[in-house]
Structure formats: C-alpha cells, structure tokens
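Could you build the full structure based on these sequences and the hints that come with them?
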Amino acid sequence: MELSGAEITVRCLQEEGVEFAFGYPGGAVLYIYDEIFKQNKVKHVLVRHEQAAVHAADGYARATGRVGVALVTSGPGATNAVTGIATAYMDSIPMVIISGQVPTAAIGLDAFQEVDMVGITRPCVKHNFLVKDVRELASTIKKAFHIAATGRPGPVVVDIPKDVTTHLTKFEYPKSVSLRSYSPVTKGHPMQIKKAVKLLLSAKRPFVYSGGGVILSESSNALIKLVKQLGIPCTSTLMGLGGYPETDRQHLGMLGMHGTYEANMAMQHCDVLLAVGARFDDRVIGNTEHFKQEKRQIIHIDIDPSSISKRVKVDVPIVGDVGQVLGEMLKLLQASKDKGEQTALKAWWAQIELWRSKNCLNFDRSSKIIKPQFVIEKLYEVTKGDAYITSDVGQHQMWAAQYYKFDKPRRWINSGGLGTMGFGLPSAMGVKMAFPKANVACITGEASIQMCIQELSTCKQYHLPIKIITLNNRYMGMVRQWQQFFHGNRYSESYMDALPDFVKLAEAYGHVGMRIDKPADVEGALKEAFKLKEKLVFLDFMTDQSENVYPMVPGGKGLSEMILAEDL
Amino acid sequence: MRHNISVLLENEAGALSRVSGLFSARGYNIESLTVAPTEDPSMSRMTIVTRGSEEVIEQIVKQLNKLIEVVKVVDLNEGAHIERELMLVKVKAEGAWREEMKRMSDIFRGRIIDVADGTYTIELTGNGSKLDAFLEAIDPSVILETVRTGACGIGRGERVLKV
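Read top to bottom, the protein sequences are chains A and B. According to our numbering, the stretch in the first sequence is residues 3 to 570, in order. According to our numbering, the stretch in the second sequence is residues 4 to 166, in order.
Think of the hints as simulated: they come from the structure by calculation, not from any bench. Values in this document were obtained by computation on a predicted structure and should not be read as measured data. Worth double-checking, as some hints may not be accurate.
With a straight-line Cα cutoff of 20 Å, these simulated PhoX-like cross-link-like pairs (lysine-lysine) come out [to be verified]:
(1) K200(A) - K341(A)
(2) K69(B) - K312(A)
(3) K189(A) - K65(B)
(4) K93(B) - K105(B)
(5) K65(B) - K315(A)
(6) K69(B) - K189(A)
See below:
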C-alpha cells in the first residue's frame with residue numbers, strides 16, 4: 003500500500019516515538035495536519051506563535067534528553083521559527099523542525115508564503131534538508147533524527163514542499179542510518195586519556211571546569227565520581243549547572259561574567275585545568291589574553307573537535323563522548339597507586355576557602371524593598387531545590403543561576419548561547435508537558451515575559467500549571483546595569499513604561515495572578531502558588547530597581563578583575 | 004600563510020553554499036574556490052585557497068569537517084603538492100601586437116585557442132604566480148579580458164585524497 007507524504011511524515015514521527023509535536027498550522031502543512039488529526043500517538047500542542055513552538059520543543063528536549071519536535075508552515079511560520087532554531091543551535095539541543103514549503107513547481111517564483119527556509123536556517127542548524135521527492139522523505143526524516151541526536155547535538159530542519167505531502171509512495175522506515183560523511187568520534191584516544199590522568203595527578207592546583215556537554219551526554223555521574231576520586235574543586239558554566247551538585251563543597255558555584263569570586267579566581271590561578279564539555283566562550287573566560295597570562299596546562303574533553311583550541315590553546319585535547327572519556331579516566335585513577343600532590347592540594351583548598359570566605363553572593367536580606375536574590379532564595383527553599391527552572395534572559399537569569407542551587411542535571415533550562423528573551427515561558431510549557439507532576443517555574447522579568455506572553459493562552463488550553471516568577475524592576479535590568487556601569491547612567495530606552503497589570507492579564511487568560519510588594523510576603527506567596535497545583539500562577543514581584551548582578555567581569559576584562567558588590 | 008585546502012564532499016544541491024556560507028559567517032578569507040564532480044559522480048572535489056594563521060587554518064579544517072556533507076578534508080600544505088590554475092586571456096592582436104602576442108604565448112607555453120581578425124584568446128595553465136607573471140609581462144593596454152579558474156591542487160607521490 004502506498005502512503006502520502008503527509009501520512010509518511012506523521013508515521014515517521016510515530017516510529018521515532020515522538021510524544022509531542024509543538025506547532026502551528028498553515029497552508030503548506032495542511033495535509034500533514036490532516037494526518038495529525040487522524041491519529042493520536044503524536045500529540046500536537048498548538049502554540050500561539052511559531053517561536054514558542056520551537057522553544058517549547060527545545061524545553062522538552064532539554065528536560066528529557068530526547069529530540070524535540072516542532073512543526074511550522076512555510077514563509078512567516080518558518081521565519082518565526084528561526085529565533086527558536088538559533089537558540090537551540092547555540093546550546094546544542096537535539097531538535098527536528100519540520101517546515102512546510104510551497105509546492106516544488108512554485109519554488110523560486112516568489113510564491114505566496116514562500117521563503118528559502120534551507121537558505122535562511124543554514125547558519126543556525128546542524129543540518130537541513132529540502133525534500134523534493136516523496137521517496138526520500140522517510141529516509142530524510144530518519145537522517146534528521148539521527149543527526150540531531152548524535153555527536154554534538156543540534157537542530158535539524160526538514161523542509162517539505164506541499165506537493166510532496168500529497169505524492170504517494172511505499173512507506174518503509176529505515177532501521178538505521180549510515181552516512182559516509184558523518185560519523186562522530188565517541189571514543190577518546192587512550193594515549194591522550196592516559197596523559198590527562200598523569201597530568202591531573204601531578205597538579206598542584208587542579209580545577210575542573212564543566213559545561214553543557216556534561217548534561218547533553220548524561221555524564222553527570224561520571225563527573226561526580228571523577229571529582230570525588232581526585233578530591234579537587236570544580237565549577238560549572240551557565241549551561242552546565244546541575245551537572246555536578248551545587249550544594250557539594252567541592253563545587254565553587256558558577257564561573258564566568260557573573261560567576262562566583264572563588265570559581266573565577268580558581269579558574270584563573272589553577273595549574274592544571276580539566277575542561278569537560280565546555281567551550282571557553284567569551285562570557286566564561288572574559289579576555290583571553292588576560293586568561294593566558296597565568297601559566298596552566300589545559301586538558302579539554304569535547305565531542306566537537308572544532309570546540310577544542312578555538313579560543314584558548316589546549317595542551318591535551320581529547321575528542322570523544324564526555325561520559326566515555328571520564329569513565330576511562332576514572333578506571334585509570336582507581337587503578338593508580340599515585341594519590342596526587344596531597345600537600346599541595348591542601349594548600350590549594352586553603353586558598354580556595356579564603357576566596358570563598360568573601361561570600362561574594364551576599365546581599366541585603368533586611369531590605370524593605372524586595373531584593374530579587376531574596377525571591378530566588380525563597381523559591382529554592384519552597385521548592386526544596388527540586389523544581390524544573392526555566393528562565394528568560396537578563397538579570398533574573400543570572401540571579402536564578404546564582405541563587406537556585408541545582409543538584410541534578412536537566413533542571414536548569416535557559417538560553418545560554420543566544421540569550422533569547424522570550425524563551426522562558428514556552429520552554430516551561432515543553433518541560434511541563436514532559437513532566438506534568440513536577441514543579442515547573444519560569445523565572446523571568448517584566449521585559450522578557452512580554453516577548454512570548456501570548457503563550458499564557460496555550461497554557462490555559464493544555465492545563466499547564468506553571469509558576470511564573472516575575473522579578474519586576476520596571477527596567478530591562480541587564481541593559482540598565484550596563485548603562486549604569488559603562489554608559490554614564492544614561493538609561494537609554496531601558497525603562498519599561500506602560501506595563502500591563504500582570505495580575506489582571508493573568509486573570510484575563512484564565513489564570514491566577516498575584517502581586518507581591520513586601521519582602522515579608524514573598525515566602526507566603528510562593529507557598530500559596532505551589533499549593534495551587536492545578537493553576538498557572540503569575541507572581542509579579544516588585545523588586546529593587548537599582549539592584550545589580552555581582553560579581554561582574556566587565557566586557558574585555560580578565561576573570562580575576564571582577565567588580566564585587568562590596569566594592570561599591 | 005597561504006593554504007590550499009582540498010575537500011571531498013557529497014555532490015548535492017546546496018553543499019557549495021554550506022561551504023561558502025561557513026567562510027563568510029566565520030570571517031575566513033577565500034582567495035579562490037573551485038569545485039567539480041569527481042570520477043565518482045556522487046562526490047565533488049573542492050579546492051579552497053585561503054590565508055590565515057595556523058590557528059585559523061586549524062579551525063577552518065575542523066569547521067569544514069563538521070559540515071554534514073563534507074566527507075574528507077586535507078590541508079595540502081601539510082606535505083608536497085602541486086597546484087594548477089587555468090586562465091583564458093583575450094588580447095588585442097592587431098599590427099605589431101599580432102606577432103608579439105604569439106611570441107609571448109609561446110614563451111609562457113600558452114596556446115592560442117581562438118583567433119579573430121583583431122584578437123587572440125590565449126589559454127595558459129600553471130600555478131598562480133606564473134599566470135600573474137604572464138599578465139605582468141604583456142602590455143596592460145592589450146588585455147581585453149581575463150578569466151581564471153582559481154587553483155586546484157593535488158598531493159605529490161603516494162598522497163591520495165579518496166574515500
């Protein structure tokens with residue numbers, strides 16, 4: 003029996019075990035939507051804007067580790083999806099985005115709702131396909147899922163012209179894929195691994211710097227074992243939070259532009275650095291020239307060879323799956339009689355404790371105005387550190403990263419690389435779809451939340467009782483902070499004027515809204531919100547307008563050149 | 004430094020734009036780029052001539068390898084290699100120039116492949132500097148048109164780039 007391209011598309015999603023497809027219908031995908039209507043294995047989630055469809059699929063992928071799926075129409079549907087695709091690309095999130103396209107005969111003729119999707123997304127996808135022949139549809143979708151999920155993961159776009167969805171062919175879903183041009187290295191080189199272990203054991207001031215790769219490769223346990231075995235300090239990037247329990251003493255908190263004093267100082271002054279699934283990006287090490295001033299040997303484990311020696315020259319490169327390599331290192335360590343430089347290590351820890359005693363994340367807990375950090379601390383307490391936290395982008399994102407202590411991987415979901423405002427709410431929808439019983443909170447600001455606020459409607463339709471924690475300081479806080487520090491207090495266009503009444507807005511969408519003005523009410527409001535298990539609650543916290551994120555490594559400065567709260 | 008990077012890639016629509024897009028997006032320079040199918044029609048061979056520090060060239064090779072349609076990448080400058088480029092030059096061939104152009108073409112081991120009343124079209128192959136030298140050797144006023152393919156390259160001896 004022959005099936006239509008539309009039916010094949012949906013069957014492929016079923017074969018891949020796709021639970022949810024987040025999308026929005028339109029002319030070019032009508033036949034696909036018709037097939038979605040006729041089945042109930044793949045549940046479609048109708049968003050209110052295509053950007054949200056991709057973010058929701060992204061949130062689902064980040065929380066579950068599975069491939070997220072979004073479905074959009076041609077033209078504006080496709081272009082609206084691009085921000086979401088670029089967001090996933092920058093953070094290496096496995097996704098398949100199916101976009102409709104005008105019929106093959108109309109391609110290139112400036113047809114209604116035509117856009118060169120393959121051309122537009124080329125720089126922000128791991129790969130993309132335009133399927134012109136229905137006989138190649140199933141194998142292309144198989145390849146798309148394979149490419150998205152293997153190696154360094156990433157989004158893959160499959161663009162399907164409308165006529166292809168009507169053409170008939172025999173359906174057979176390939177069991178496996180082999181691509182002569184694509185076979186990511188997963189096993190680290192044994193000699194390099196040996197070298198790395200030797201170097202770590204000879205270190206006097208060793209430090210482990212772990213990134214999103216630890217989460218993506220499910221290597222959290224391997225990382226914990228290795229760090230414990232060595233007894234050395236470690237840090238996580240914004241993307242790596244939760245890869246190592248933050249409440250453990252060996253973890254020095256996040257590093258980078260808004261990292262802790264102790265993590266940044268240890269990063270700068272270590273003599274052997276083990277970088278695990280991280281990429282030395284500009285927000286992490288600041289000025290590379292300043293970073294290079296201190297002599298240190300660097301071991302770098304990454305599945306993507308192009309991440310190694312890209313910004314910082316590495317001494318021991320190891321290309322491979324983080325978990326596999328860490329496992330091999332651990333075996334060698336356990337078999338070794340060498341216990342490392344114990345005396346030097348003690349001195350190193352003493353130094354670190356000195357740095358830690360600065361208590362760089364301290365803030366005024368007796369303030370009469372709600373401090374944003376206080377809200378996050380209370381949220382952490384109320385949720386017992388066990389919620390899924392998504393965030394938007396800006397000051398609130400940094401406070402969430404600093405004050406919510408993530409002990410498990412895949413609990414912290416944010417747009418790290420692209421820094422996409424509007425990511426928080428839709429990604430929380432994806433997480434809530436995946437884990438309906440878990441507590442899911444979206445930490446946001448009054449500016450970010452308005453970038454995808456229409457999704458409150460989607461939340462109503464699908465009964466997604468997310469808790470929206472808005473740190474409302476009436477400013478685009480991070481923009482205001484930079485304007486204060488670097489632009490002579492000229493707050494150009496960063497004041498959020500004419501804000502809606504978020505309580506009424508939430509109610510208009512059928513949700514619960516709360517406005518909290520006093521520090522004393524913060525905990526009570528949070529408790530009440532989480533008690534309302536069946537309700538989305540929009541908590542509008544009126545926070546200190548002048549609060550800044552500290553520590554801060556100003557742009558172009560070195561890691562040890564932080565501005566601390568106490569300096570001001 | 005100047006590098007000659009050879010790439011084997013799937014002969015598919017869009018593969019070229021992935022490579023050129025990569026170069027523009029990451030700010031790498033392209034001096035020349037040539038591409039055509041190989042003896043296996045499913046595969047194309049591309050030669051990119053670029054300039055950059057060792058670090059940049061290392062990144063270029065890694066980033067090229069990362070493209071899904073790229074099968075193999077070799078920096079030919081890592082060993083001995085040969086480079087050739089083809090140039091067609093249309094020159095004035097009137098009066099005294101007619102004799103002079105024939106002579107210059109012979110000296111550079113070119114071939115005149117089209118003859119008209121007032122023009123010659125000369126075909127020249129060699130490495131880039133030989134072609135440059137030819138253009139410098141003749142009077143600029145006689146050059147009507149030039150077209151060059153850009154360099155293609157191959158390793159010397161046993162060195163082979165194949166799947």
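Status of the hints after comparison with the structure:
For the hint linking K200(A) to K341(A), the alpha-carbon distance of about 11 Å falls within 20 Å, and the restraint holds. Between the alpha carbons of K69(B) and K312(A) the distance comes to roughly 14 Å, so the proposed pair stays at or under 20 Å and holds. Between K189(A) and K65(B), the direct Cα distance comes to roughly 18 Å. Compliance with the 20 Å bound is thereby established for this hinted pair. Annotation: proposed proximity of K93(B) to K105(B) holds, straight-line Cα distance about 12 Å (limit 20 Å).
Between K65(B) and K315(A) the alpha-carbon distance is near 15 Å, which keeps this suggested pair within the 20 Å criterion. Between K69(B) and K189(A), the direct Cα distance comes to roughly 17 Å. Compliance with the 20 Å bound is thereby established for this hinted pair.
Hint check: no violations occur; every hint is consistent with the structure.
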